[in-house]
Each structure stands twice: as structure tokens, then as C-alpha cells.
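> Please model the entire structure based on the sequences and the hints provided.
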Amino acid sequence: MKRIILIGIIAFTTGLGACKKALEVDPQQNIKAEDAIKNEQDVKALVIGCYSIMGGGALYGTNLLMLPDLQASEGYCSWRGTFQSYRQVANKSLIRDNTEANRTWTAAYRAINNANLVLTNLDKVTDVDNRKLYEGEALFVRGVLLFELTRLYGGGFDPLTANAQLGAVIKNTPTTDEAGAFAAIPRSTVAQNYTQVIADLTTAVTKLPDENGTRVNRFTALAFLSRVYLQKSDFINARNAANTIIGSGYYGLNPVPTAVFTNKNTKESIWEIQQNDQNNAGNSNDGMATFYASLPGIGRADVRMSTAFINAFYEPTDARYDGWYYVGTGARPGNTYCSKWNAFEQNLPIVRIAEMYLIRAECNRRLGTNLGDTPENDLDVVRSRSRASFIAAPTLTDILNERRRELAFEGIRIHDIKRLKSATGSFPWNDNKLVLPIPQREIDATSGVLVQNPGY
Amino acid sequence: MRRSFLFLLGLFLLTAQAALAQTKTVTGKITDVKDGAPIAGASIQVKDSKAGTTTANDGSFSITLPANATTLIIAAIGYEKQEVRISGNTVQVALKAGEARNIDEVIVVGYGTRVKRDVTSSISRVTSKDFQNLPLPSFEQALQGRASGVFINTGSGKLGQGLNIRVRGISSISANQQPFVVIDGVPVVSQSLGSSTEPDNPLATLNPDDIESVEVLKDASSAAIYGSRASNGVLLITTKGGKQGRSKLNVGYYTGWSEPTRKQKFLNATQYKELFTAAATNAGYVAEDEFRDNTGTEDWASTNNTNWADQAFQKGYVRQYNISLTGGDARTKFLLSGSFNDQKGIIIGNRLTRATGRLNIDHNINNRFKAGANLSLTQSNNYRVPSDNAFSNPLQLNALPPLHPLLDASGQSNNATLYYNNLIEQEGNNRNLNKTYRTISNLYAEWAIQPNLRFRTQVGIDWNNLQENQFLGRRTLDGAPEGYSYDNQVTASVLTTTNTLAWNNKYGDHSIDALGGIEYQRGISSGASVEGRAFASDKFTKIANAAIISNGSSSETQFRFMSYFTRANYKFKNKYLLGASFRVDGSSRFGKDKQYGVFPAASVGWILSEENFLRNSNFLSFLKLRSSYGRTGNAEIGNFSALSLYGSAAYANIAGLVTTQIGIPNLTWENTDQFDIGLDFSILKNRISFEVDYFSKNTKDLLLAVPVPATNGYTTVVKNIGDMTNKGFDFTMNATILRGTGFNWTTSFNISTYKNEVTRLVAPVPPGGRTVGRLAVGAPFGQFFGRKYMGVDPANGDALYLAANGTTTNDYSAAIDTEIGDPNPDFYGGWNNKFSYKGFDLDVQCQFVKGGDLFNIAGIFQSVNGDYFDNQTTDQLNYWKKPGDVTNIPQPRLYDGNGAGKSSRWVQDGSYFRIKSLNFGYNFPVKWLKKAKIESARLYVAGQNLATFTKYKGYDPEVNATYVSNVNLGHDFYTPPQARTITIGVNLGF
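Chains as they are written, first to last, in our numbering: chain V, 802 to 1257; chain G, 3 to 992.
One or more of the hints may lead you astray.
[As the list claims (entries may be wrong)] Here are a few chain V residues that face chain G, going by a calculated C-beta distance under 8 angstroms: (1) 825; (2) 856; (3) 1048.
[To be verified] Label pairs and their computed distance ranges (CB to CB): (4) 1169(V) to 555(G): 53 to 63 angstroms; (5) 1202(V) to 303(G): 36 to 46 angstroms; (6) 193(G) to 829(V): 16 to 26 angstroms; (7) 1193(V) to 555(G): 57 to 67 angstroms; (8) 979(V) to 555(G): 40 to 50 angstroms; (9) 649(G) to 1068(V): 30 to 40 angstroms; (10) 1128(V) to 526(G): 30 to 40 angstroms.
[Stated by the list, open to error] When the alpha-carbon atoms are kept at most 20 angstroms apart in a straight line, the in silico SDA-like pairs for lysine to any residue are as follows: (11) 893(V) to 881(V); (12) 1222(V) to 979(V); (13) 822(V) to 562(G); (14) 596(G) to 1171(V); (15) 833(V) to 597(G); (16) 596(G) to 823(V); (17) 836(G) to 850(G); (18) 594(G) to 1098(V); (19) 575(G) to 600(G); (20) 721(G) to 1245(V); (21) 822(V) to 594(G).
It is worth saying that the hints were derived from the structure and are not from the lab.
Beta carbons are placed, not taken as given, at the ideal position from N, Cα and C, and that holds for glycine.
Now the structure itself:
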């Protein structure tokens, strides 16, 4: 009897252990990599993932739109908030491990990795049109982010030199295992960066359709190409790309200048980052409205506009004078703020058709051509919408000033300063302090394969 | 000491004898029953009288006593008290050695119990006697200063907040560092469940009065039986059980008041204006204009003088009601208890209530079968304080300029302030309530297959449900513009089944016991949350009334463990001890290539005092040498760290797929090999006992998030790659200084050290944004690293920093990073004294930490010579004013950052000595109580954190801001101090 019971106990206890599935648990909120990308739907989801990362505060959700204006803060705006990282950007007192430099770099390569995963999994897309579409979108993502990185972290592009100064890292393959995650890739030169950017965007133009809902299409790629060429002072190609977009007829200016910011996906937008109540770049510590707005319950009012700039650049009758600037009523009230960024859930226009008119005008003026239309007319398209006065036979300065007016606080300013070889305050366009530091962690993680920028 | 005692006693007796009248004389001799040796200094007292004397060196005495005296009470330190009837004129008494031999204690070990004498490992024990009736926010605080080798940092004065418990140093970097907690054999969830950035403490749901003892398993041989979860030590909590005999009803009540242990001093309005006028002028600004510009107010010109810092605090209270019924007969024993505890914190808005119920029952079915259960149910409500780093943290009020009025013109909290005036959150329906429902229960059955072979099966469950409920109205920072409500529910349950077979036997001089077991554990945690905005008015707080459901989520995660373990102990001739244990743990958390881990341990002990050459020593009563070596693991590595994963990410209304981690298939637990050597000895008939241990822990395979180039799309890859060592001593001394019929005094002192060193990393982990803690090979965990502040240049008032080659520089960016502190203590410990005299007893517990640097992050804002408009600590007034001034405070320059960069300027020595608790009570004499049919009655006054001696200038040197990562030990960021609490209470037994 005793023996039987003993055997029973042993059988019972070992029986429990013998259950093979006892230790098998799959995650509920994530998918194991081997199960993640199996079909067309999964590849499409990867594409959307790229947009999601780009819409975050580290990229177009905040930093890619805000840093270029903060870097050019002199006589233009000032940083009043408690975030030291942004204060350093505005004051040009950046340190090697500046949080913003760090997170923008990191997020951009995370999106690029997602894009590279799309490109290597295209064989799982059976629909031919979709395959082209996803390829175009992935190339777009890789191209524009490399462009943003080289503009921010590389020495300014100077058409008079070989541009052998260091730019960003070019990464064209996805990371799928431990070895790949540890690979140390050196920085390429700015010239190599631009070659890669143009290659990606040019191919994207050939792959993307004219219409793609709220995601990027052929004209979005062209708009960025136009920006890239302009940054290189390649005025012919910049003009041609802008001209193609304007000529397509898909886009046009809204009747009032505020509409593009207060409404979603208006005809003025070539591309917007989509946001809603739930999914946006942030509403307390991140996001454009968080930093710019001073409305009851909205915004920290951290970026304050210089009234000197506004008074010097806008006529009082200009619809943009009242439409885009206001006296704050929320945080740090009583000062002047920019109303382009006033709601957490607003879409973020990244490229507007107004900019294309201004690029075409500038390039035509510089080249002495009238491709598409005269600089005078193109300038007036932008100005008359805001009831600004007509400028007959505008000079280059007139057009460049219009860029400052029209594109203020949309992430353009420091890039213009650099390509125009101008200065912000006492910092000349090629000052080391106008180039973001390579995150110190990158230099440590690659044991110095990545080289720090001069001045850090 | 003994001499002064005798003197006092003699004095006492002299005065007593003066009152005597009709007398007789008795003489005699007191000896030791064991060897007949005379006992000197034994006290002889006449029962129910004050008359008494003591024995001479030869044990003899002579006493004059009243003619009607019938009984003498004989007592001597180290012996049992004895009563002798007086018959004739001589008395001969032989005393037996006393009961105070703690080596006979039965202590709880993993899956069993053991007599302390036979233990060959290192275990600290704290029993209910040590902490009953103290107003403890949670029971772990009872270990502080009482258990050697256990370093506890309460972190803050927030109620129900997670606290740091480190057993013998720090044994992990990225996995959990807290000990494994087992309650009555059931492993429990001790990690925070809530969504707050600051951890809550699930163990705060336990009623400390239900706890009989807490054993801390410190070395490998005691802990390795818990295998892959024992690297951080193990806390074994045993709840009280019933006792055979008459049923006893105990009722207790205490109530008390609390206040902050310390407040900081900030500038008043006049001082504020002086400092900021100077700061603005020096930087070329006009103070009034800049103040207006930054605050949007005209308050610069006002006559307000608001003490904002004090607004963060309130007078707290605490009260507790508890009742318990115990009893039983030969077959059934039970304990039934209930308690209600209500604490109002010292920080505005903070309150914790806890209601508990418990039934512990053991029943012998017959002489072979036994079954029982420990059932508990707890409900607690915690009204929480926001994270240290939130503008809504009340302590951040101290940043507000004193020039702002407290209330606006309409009598509401003023919201036109430099930063958010979070007093607004104290208005109306605003709240942040965490409700917890929890049961930790088990059922067991035992079967004595043979008298020396027992099978035990136990099923335990820890079921913990947390409900978070937050509402913020439209005037609050996060509730604007139209109100915000958040609900979150998390349920974590751990089910454990344990089957063990225990056997023991004795063959002549050999005694053996052995244990084998198998354990399966399944943990599931799931939750759901929803967030709503836009309410018709602040009177609506439920999401049903929200116009916008702005967020919602649900989550689930699981883990499983399958374990096999065995242990054997062998004893020869009652003096040679040998022990070994072995555990195999498999877990769903471990990578496919390494799913099972092996955790062996062995120990030896030698009771030298049983050897002939020591047996008859008068001085030495007990001496045991012991040593152990073994391996433990740390499996708190996250449930899915070993897998490569994709997650989802939303883009407006669509969901996308993104990579989240690169996994490694051989990712597994962390290993710690620990060596321990210890000595237990007692002297003077066990009057003084010592425990000394040296330990050396080598932790390998530490899980580290290895930084990889972000250009590859990932920033880190988690690998088992780091090494770390902890070495140190634990020392405990217990002494009965005075013991006799009158005044009793026992003391207990412990001191511990650990020296941590990180010995292998992939790359140093530098300090983050505002923090200074880092990881580097050769440095202790969390070493402070950064710019070294070198004071002020007397010539121009510039802040100076250490530059290369030992020079100084006023250019922050040219300064070098260097070691600027160590947050680990040099040593720490406690000192406990218990006194009793007649019905009175006094228990004083002190606790101390030496070393352990602190970094006050808030200094960057509040002690920075007026760099921005935050109110400043008063010491900033001593700023540099003119060339030649020698001071440590740089010249104030508004916005200029003179001395504002993160540096050792805010590193301070965190040493402290604290009178942690005091309990003074009076037990009413039994004869009084009999009339009222009360068996026992005790009235007491108790205090917590009565006094703290420290050089630290912040609120409290026992601080650990938890919103920063765990590498940042000893960081303070507007962290509330602990409470000083005074309570009075009564316990009645019926």
C-alpha cells in the first residue's frame, strides 16, 4: 500500500514536469520576428510604421520642424522653456550628448531601418502596383531622412568645394540579427550623402503614383528633390522639380494663409504628417503645439517670436501679420507667439505649394528664366493670397525675404542661412556651432568609427 | 557595567530596607545546576515586598526579611528565574541556565524550518516583537537597521511608495535588484503594477501586525534553494498562527500625528528681490522687466511674501484599529485577525488606508494527516503624490517666487505664477487614487507517510488587482482645458504549486534530513486603461461623461517557471554540520538555447563549543564556525527579452509595424556565485552573542543593454555580458546588559558593509541629462561622474571647474568629467536598546548610514545663484559681490548660467544617524486587570524618525528619486522627506 502511494506521488510530481508546453509562452503585445512579415499586408504595415516614426517628436513631429528655426533664433525667436536641450540649440551652446541631437539621429535611422526592411521584403507583395508603391515610399523615407540628417549633422553644402566634409551614415540594408546590430559604419561625406539622397528620391519619383491618399506621392518626392537641389544651389533642377509640381494642377493656395494649419489635408499641402487626438507627437513634453502655443490649456509657450522680426517683415495689412501671430493667453501670457502650431491634434504641413512657387521664383530670377511663370507672378501668388502689396520686378532679396515671411517657423530658416552663406547673429553660416553634434553614444558604441564634428 | 548595576541595586535596596519592621534573617547559597559552581551577583528578592539582596562571589547571601514573608525570588543573568518557599533559616538553590539562548530559536528556511544552532548559512531574522505597534507605512521598514546585511532606503516620505531593499550590495544592473519575496511559502508580486513613473509598493498591502517573522536569506546556501530568483536575497515572511490553549482576544488601537522630518529654507520676498535685482543687473537686465516677462505678472512690485515651500506640507495623522482572536486545541489551531489603518501623509493630498483580514488555520485530521490554510484579504486606497519630476509634485511649489500671492482676487489658488501652482490640484474633485484588492493565500496538506517521511503539497495564489483612478479638472495643468480622467486596472496573479517530500533520521551520532521537491509557477498580468477628456464641468469625473475618449489600451504578459530542487543536511555528533542543495529552474523567460539553469550550493559548520577543549569554558558558551558557497540566479530579466520582436505603432488612424528589439536566443538568467564565512559565538553564559560574516559575491552574465550604433536601427541589444562583485562584512551583537528582577536592558547592534565594483561592461554607461550616476569598469555601481565644481574665482565671481592637468577653468565646456562621488554607503547599521522596569518598557531603535553621497538635482534650479526666477535656497545669498570675496556661490547673472551646469556643486555627503523609532509602554499589573476581566493591557507612546543627524542640506538624507533610472542612486529631485510620527496606543488582551 505504502509503496503504491509513494509511486503515485512520484508519478504525480514528475508528470507535472513532463508537460512540455509548460514553459512555452508567446508575447501578447508584440510579434516574434519570425512571424512578423509574411505577406503583403505585413509589408504595408511596415510602410505605415515608417510614417509613424517620422511623425514622432524626434523627426517631423517636432524637431525637424523646430530645430532649424531655433538654430537661427537671433532676431527671430527665443527659447523660454525649461528644456536645456532646446536652450542649447537656440543659444548654440550644444553639448556632445544633447538630447535633441541624440533622439533625432536615433529615430531617423530607426525609420531608415524600417524602410530597408520594406525594400528587402518586396517579394512578399504580390500586387505589382503595390510593390512599386511600397518601394517608392520606402525610398522616399530613406532619401528625405538622409537629407535631413546631412543638413543637420554634416557641414554645410558648399557648391564651390568637393564637399568632402563628413555627413551622415548611409545605411541601405536592414538589420536583422545581432551581428548587424553591432556593425560600425563610418560616416560618408556630404557629397556622398547628396548623391545617395538624389538617387533614392529620383527612383522614388519613378515609383510613386500621382495620388496616394494622405501618404506621400510622386509630387512629395519631387518637392523634396526640389529642396535638395536648392540646398545644393542646383537652381535648374530645383526649378524644374518645383515647376513640375505646380504644373500638375493638383495643388493650389488656400484663400487664407491660416487654413492650411487649421484644416487637414487642404489643397495647399503637398505632404502633411497626419495626427489626431490619440496619436500625435505629444501634448505635454513634445509636439509643435506644446512648444509653440500659449492658449488656455494648450502649450508651454516655450518659443517666443521676436516682435522686431514680425514688425520688420510683415505689413500690418498682411493677413499673415494677424493670422499667424498672436498675443499669448495661456502659459507665459502677454507675449507674441506663432499660431501655425496651435493644436495637439492638428496635421503638420511639411511641404506646401507656396514654397514651390517661391523656389521657382527664386531659381527663375537667379537663372534669368521664366519657366512656368515669371518670378513676379509667382511671388504675387503667394503675396496676394495674404493681401500683401504687389511687388513689381522683384529682386532676389524680395523673393528671399518672402521665404522668410511665408515659411517662418516651418523648419526652413537655418537651411536657407547655410545655403545663402549668410549668418545668424554673430554665427556665420559655416560656424561649427550651427552643426549638431554626432551623439556621443554613437562614437562610444562604434569605438570611434564614427567621428565627432569639429567643435565638440 | 555589572559593577554599576550592583551599585544601583544596592542603593535601591538600602532605601527599601529602611522601611522594614518585624524581621527574620535567612542565609543560603546559589549555585549552577550544571556544575554546582557558585553564582555571584544573583538577586534575592522577597515576593510582594521590596526587600532583597545579591549574592557574594562565593554565591552566598544573607537577607533580613519580614516575619510574614513566605517566598523568595531568585534571579541571575543567564539563568531561569526561580521561586523558593522559605522553610527554616537556610536556602540552597541551584539555577538552570536561562531561556535567552537565541541559538535554540527555530528559524524559517526555504521549504522548512531549522534550529538556529544547526544553521550553516547566513540568515537575518526580525520578529514581530521588534516592530509591533510602530506606525510603519509598510513592513519592510521594520528591517531597516535591524537586519544586518540589508540596506533599506525608503526613498521618500510618500505613502505606499516603492522602496529600495538591497541584500548584501547590488547584484544586478538592468534586472531587478529587490529581493525575492515569499509569504508563507507563496512567491509574491513585489514589483510595481501601476502606470505611474514612480513605482508603487505592492507589499504595502500587508498588515505588519499579521507578520510573525521575516527571515532574510543572505548567502548562497540559504538562498540557492530558490534558484534563479535568489541573487538579490530572499525575504521569507511568516504570518502568525494560532496557539493551543484558551482563546485569546487582542484589541489594539493607536493614533498619532506626523510632520516632515525637515523643511528647507527658501528666500523670502525681500531676499528674493535682493538676489534677483543683483542677478539681473549683473547680466544687463532690469529685474522687474524680466520678472514680468517670465511670469506675465506685475507681482515684482507687490508686497506679497508667500512661503510656497511650506504649502507642500500638511500635518499628517495615523490611526489603526486591529483585533485578533487566537486559540485552538490539540487538533485545530487558528488565528483570525482584522485591521484598519488610516494614514494621512505629510505631503498635501497624500493618504493611505488599508483594511486587512486574515484567517490562518491548521488542523490535524489524525496523527498522519494534517491540512491548513492561510487566507488573507486586503483592500487599500492610496491617494498618491505625483512623480517628483512633475510640475504637479507639491514639493515643486518651492520653486515659485515668494512675490506671487497664494490666492487670486476671487479667492481661488492663484494660477498666474512662474510655474504651475499645483495647489490647484487640491481643489474640488481632483484626485489620483490607487485602489488595491489583494489576496495572498495558500492551502496545504501534509501526510506523514512514516513518522520520519512527510509529503506536503501546497497551492498558493497571489492575486493582486490595482485600480488607478485619476481626475484632473479644467484649472489643472494636465486637466486643462476641459478636464481629464484616467482609469486603469491591472490584475497580476501568480499561482504556485509546490510538492515536497521530507525525510529525516538519526543513526547513533549521525542525523540526516533531506528534502526533494517540485514547483510549478504561472504568472499572468493583464490590464486595461482608458482616458477621457472634455467634461461639461469639473463635477463630472467619470469617463462616461467625457466628450472625448482620448486614449485606451489593454495589455497582457505571462511567465512560467518549472523547478526541481533537493536539499540534504547531515550532522555528526551534534557538532559537525554539512549541507547541500541543488535546484534546476526552467523558465519561459530564458532563451531557447538556454532554458534550464542549475543552482547548487554547499555549506559546512563546526560547533567548536561542543568539543572537549571548549565545552567547559566559563567564558565561551557557544562557538560555531560556518562557511558556504553556491550559485544563485536572477531571472527578473523581463518576460520576452530573449526574442526579436516587432511591435505596432500608430500613424493617425492607421497602425503600422515597427521593429522593437533584436533578441538573442541564448539570453538567460544572471548568475551570482557567493562565498560566505561566518562565526556565531556567545560568551558569558550566552549573555552576549555575536554573528560575524564575510561575504564575497561574484555576479556574472549580467544582463546589459549593450549600446549599438543607432545607425543600425536599434540603440541597444540585451546580452548577458556584465560582471560585478560585492564584498563585505555583516556584524551583529546581541547583549543582555542587565537582567534581574528589576531593571532589564538588552542591546543589539549591527553594522554591515558592502563594496561594489563593476568588473565588466561592454562600454561605460555615462550619466544622463541631469543625473550623475554612471557605470564603468572598476567603479562602484552608480558612481557619480561629471564636472567637478572648484568654487568661485575671487577675482570676478566666475564659477570654476576642474580642467585637465589639475587646473581650473571658468569655461564649463572645457572642464573635464571626473569622479565626483559614490552613492554607496561605506557602512550602515542599527542600534537597538530595550529597557524594562516593572511594568514599563522602552525600545529605542537607531539607524545609521556612513558615506553614500547624494546629488540634489533640484540644486540646478534652486541653489544656482539666481540663474532663472526659481526661488533659491537661502544659502545663495552668500554670493560673490566684489573682487576679493571668497565664497562658494558665484556671482548671480540672470540667464547666464554662471555655475549652472551640472556639476559636483550639488553633491553632498549623505551620512546620517537617525533615531528611527521609539516605543515607551506601560503594562498594567495583572491584579488590577483581573477585576476588569482583562488579561493584559499595555499603554504606549511610539515615535518614528524622531531625530535625524546629518550634514545634508536638502530635505532628507534617506532619499532616492525613483523617476530617474536605477543607476542614479542617491539622487534627490524635489523628493519629499519622511514623516516624523508620534503615536499613542493601547493593546488589550482578553
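> Taking the earlier hints as the rules, which of them does this structure contradict?
3, 8, 10, 12, 14, 18, 19
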